[in-house]
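Chain V: place on chain A using the hints.
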Amino acid sequence: DAKTTQPPSMDCAEGRAANLPCNHSTISGNEYVYWYRQIHSQGPQYIIHGLKNNETNEMASLIITEDRKSSTLILPHATLRDTAVYYCIVRSKAAGNKLTFGGGTRVLVKP
Amino acid sequence: EPEVTQTPSHQVTQMGQEVILRCVPISNHLYFYWYRQILGQKVEFLVSFYNNEISEKSEIFDDQFSVERPDGSNFTLKIRSTKLEDSAMYFCASSERDIYNEQFFGPGTRLTVL
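Those sequence lines, one after another, are chains A and V. So the first sequence is numbered by this note's numbering: it starts at -9 and just counts up by one. So the second sequence is numbered by this note's numbering: it starts at 70 and just counts up by one.
Among the hints, erroneous ones may be present.
[Stated by the list, open to error] The calculated label-pair distances, taken between Cβ atoms and stated as ranges, are:
#1 A/69 - V/76: 26 to 34 Å
#2 A/-1 - V/154: 22 to 30 Å
#3 V/107 - A/62: 24 to 32 Å
No wet-lab data here; the hints were simulated from the structure. C-beta atoms are modelled at their ideal positions from N, C-alpha and C, and glycine is treated no differently.
Extracted from the complex, chain A is given alone in its bound form (with noise of 0.2 Å):
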């Protein structure tokens, strides 16, 4: 699978949106971009997942690059639940089905 890099750690508004980055520059074409988060030392927590078309569920927006080398997370109205390490994992078939998780980010959300 292709690595990802994300910044270890950001804070963001309660209300506001919060834009979570991730670098894949490596991707293959076959590859998805998948992103989960954990809240403290829960299970992890599917969110949403692309191939090359933003995506958008009742959770988060994905905005991919048009080379797909990055990506995009956006939670539109960040409340203080959404407090997590959310983690940005590229999938490939040839990987087969499991997930590796990174180091993820960290998000604070403060009122």
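Quick look at chain V alone, frame taken from chain A:
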């Protein structure tokens, strides 16, 4: 909303003892996984299971570990002879399909080996 459940939430055991961690995946899911997270470290893949056999395992998943689906609902992880370094959170996950399908994680079992 259906969810993955795990029991117990916390297990304390003595080094060398056997432990069995239990998981109930989401009912219509066909793919099952175990991950672990040592305190302060990354979440690590252990094993994936499909159609009553292991489909993939990591280097961590050595002969001390085994998995089983003893009935139609439970999925278990057994550690035969626990070591101090097995102390970790163990997460079970399941997915409806394989590649490119989201995995749903349980709340975890905290294993403490003394």
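Right, here's what the structure says about each hint:
1. A beta carbon spacing of about 30 Å between residue 69 of chain A and residue 76 of chain V agrees with the range 26 to 34 Å that was offered as a hint.
2. Between residue -1 of chain A and residue 154 of chain V the Cβ separation comes to about 28 Å, which falls inside the hinted range of 22 to 30 Å.
3. Between residue 107 of chain V and residue 62 of chain A the C-beta distance comes to about 30 Å, which sits within the given range of 24 to 32 Å.
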